[in-house]
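Chain Z: place on chain C using the hints.
Number of protein chains: 2
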Amino acid sequence: MEATAEEVDRAVRAAHGARAALADRTVRAAFLRTAADLLDEARAHVIEAADAETALGPVRLTGELARTTAQLRSFAEVVEEGSFLDIRIDLPDPDATPPRSDMRRWKIPLGVVAVYAASNFPLAFSVPGGDTASALAAGCPVVVKAHPDHPATSELCAALLRRAAAKEGLPEDVVVLVHGFDAGVELVRHPLVAAAGFTGSVRGGRALFDAAAARAVPIPFHGELGSLNPVVITPAAAGERAEEIGAGLAGSMTLGAGQFCTKPGFVLAPRGEDGDRFLAALTAGVSETEPAVMLDHRMRDAFVTGVAERGALDGVRTPVTPGAGGEHTVSAGVLAVDADRLTGAAATDHHLLLEECFGPVTVVARYSSREEVTAVLGLLPGNLTATLHIAERDEDGDAAPLLAELTPLAGRVLVNGWPTGVAVAAAQHHGGPYPATTSTSTSVGATAIERWLRPVTYQSTPDHLLPPELRDGNPLGVPRR
Amino acid sequence: MEATAEEVDRAVRAAHGARAALADRTVRAAFLRTAADLLDEARAHVIEAADAETALGPVRLTGELARTTAQLRSFAEVVEEGSFLDIRIDLPDPDATPPRSDMRRWKIPLGVVAVYAASNFPLAFSVPGGDTASALAAGCPVVVKAHPDHPATSELCAALLRRAAAKEGLPEDVVVLVHGFDAGVELVRHPLVAAAGFTGSVRGGRALFDAAAARAVPIPFHGELGSLNPVVITPAAAGERAEEIGAGLAGSMTLGAGQFCTKPGFVLAPRGEDGDRFLAALTAGVSETEPAVMLDHRMRDAFVTGVAERGALDGVRTPVTPGAGGEHTVSAGVLAVDADRLTGAAATDHHLLLEECFGPVTVVARYSSREEVTAVLGLLPGNLTATLHIAERDEDGDAAPLLAELTPLAGRVLVNGWPTGVAVAAAQHHGGPYPATTSTSTSVGATAIERWLRPVTYQSTPDHLLPPELRDGNPLGVPRR
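Chains C and Z are the protein sequences, given in the same order.
Sequential numbering of the first sequence, starting at 1, is according to the working numbering.
Sequential numbering of the second sequence, starting at 1, is according to the working numbering.
The set of hints was computed from the structure by calculation and includes no laboratory data.
Careful, some of the hints might be misleading.
You can't tell identical chains apart in this list, so a pair holds if it fits in one copy or across any two.
List time: in silico EDC-like cross-link candidates among lysine to aspartate or glutamate, alpha-carbon distance up to 20 Å [said to hold, decoys possible]:
1. Lys107 <-> Glu405
2. Lys167 <-> Asp463
3. Lys107 <-> Asp86
Predicted, not measured: the structure shown is a model, and the values here were computed from it.
If we strip away everything but chain C, and leave its shape as in the complex, we get (with noise of 0.2 Å):
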């Protein structure tokens, strides 16, 4: 099943010689809708499928199909209004310095885009997901590379999408899926690929980002990598809604086993009696929750191996266990530390609390001070998302400063809110400081679009040559400037 490197070539060729076709972009948009029409036509087939290879279960995969068909529809809409096309119209000034001649810039598709399938989300981040939406919308062909956790159900929708392309006149060859591990290699490495997106781990995320960087043409690599997602608990917050806090907390960092990029994994807290209270509540919320099967058996060992090695560093507490629970299951968990065990000079075996652990399980680090705050957030890498709690009336006046001190480390910054859940809206940035994403892009929303087109300017050409969204007088209407 793992594509040669011949089989690689020939699927990029494809979708290479599909790539005029894309052109128009009511075509593109009626592909796009009737895409979502055939995937929630197919939707017992999609989700059976989905459901024996990951586990997700009926419930959570009806939702992400929801998510995946709207995404679909709303990239229709993004192409129809047409304002990703960043019209700009300069007509002519002859005393200008130096002098301007009429120039008409749009934006135009980069080519085939690469698509590295996500794990964690089998439809809205995989074959039919954000990436490979916003790069046919950009009028990009894509050629996917499956996850290996959900192969038949890449296949199915594979075959739902090319089947909607040739419904619309299309060729089928503007999605093309392959599988293998050496296959994603080759890909990145295809003279004929523009551009990848990628969404899952550091390792495997950054390993193609220095290919794509590496070839004799680099191409943008749109890579969502990792992200620890803290969260700041003012002593104001905690004083009035502890226990809403760590119930909600609780939810959050456990909704889906924790596999979501968007967990909050690591959470300031304020030491006494109202971080205690807090602590609590985490805690109960957390026992309650069911051992669950992670997504493949993989992460299930790395989760097992991170919650020890983690939980096994000086000063670690475990309020809750985090862990194996049955043969495929784990448990979910808390770890808490003192805020002053990551400070130190001697912490850099600590610095282990502020990587990513993929699973239920966060880090409580409990601190003494506003200092030891800011010191803290001084260590983080980049981060998808920041949360801040505050109290609903903000007394201390803290809550100015610490936003401030926040809005570097993520791409979304969150207050009284929590970060799982990652609407599709065109305000949405899904993306962050590196390790989050390797751009400074989002994959999520309708900005993603621009990660795969880029801008041409055509000076002194004559109306007719031009295409019709520039022409005199804007006979097809989208928005210029």
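Showing chain Z alone in chain C's frame:
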């Protein structure tokens, strides 16, 4: 004068320490305008310094300074107007899948930007140039690595920028200057450098790009490396105005001793009588050009060697022989070859003709069929520009398909014009597929500011904690979606 690693570290830390002072958009705009004013006031000194170091002459340098100060002022307008913040606001929607909270997205500065100055523009692409102006406009302090061809000009300009900062109440260290090859390498590796802008050679740019990608935390590297800037002349265009096109090309390719990054360096012209007339006009124009001093001895030597190597290839003719002029000068020239020399299986030696040769030379490839044009275009690397000359009345219908073939090759496509002279304008795109640039961005024009920003979304954040640009009621009146 060359900065040691410790001096680079001090420079970067000083710039990093100044970053918070750039947060206010009004102050940034005032600073950019004051910088332009101080450069204008010191015009005589600046031009004298630059002419002494580059031999570009006061006429060209006066124009370049006007361009530079106009560019600073245009970025002041960009900062004030605010649409570069790319604000998107989603109000809450509890019925969405998943439910949507209040989300407000804008863009924030990345941090310290390393700017690598160009040899060929001591002002407009150096210390006070486009990379510096756009980075400061974005709110990023800059550390400029001076080009060794004009250290005194660089010092003078840096001092003026720093004085402008002080006049506006900003720390002088929002602009810091360093010298030296090793310092440049240290700079791109420094952990507090968040992005880099570069204008220069493929070899130097690629080495720095590789260093940026190999960091523990990779950073965006926006490099403008090299460009052949192909020109295609249709048979109908040659038939209609062979002399005009030949004379125009002679002017464009010899402008500034052929040292512009948009110099047209490769021309596809038809065989036969009309093409002969074009070549005769080009030859006449180039023959009349005075020998010129190049920017430095290294470049002069590279030009003399480069044209000799190209001229020695089988079948290459030299209607005007380029090469050494006097002891310090070069003379412009034209190389001509039959296009089929480039396309055969044994043509790899001749692919040297498809590489940029910095200086006043262009290669004219004579084609005998439309298919030959397509075959040669298929061999070209990425370019900043591509130019098409067609008849004023497009009688043969060749123009549209040729334009479609040129668009994938370049970031700016011109019809019946010349690519030298890059207007500072909203619709400008000065970038293109690798090696023209290492990213999809532009280094000239309003959108150049996008390189130094990343999006952040605030979710469920109380109004008084948001930046004013994102608050309810839009108190600052910035463009939002």
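Checklist line | Contradicted hints - numbers only | finding: Violated: hint 2 alone.
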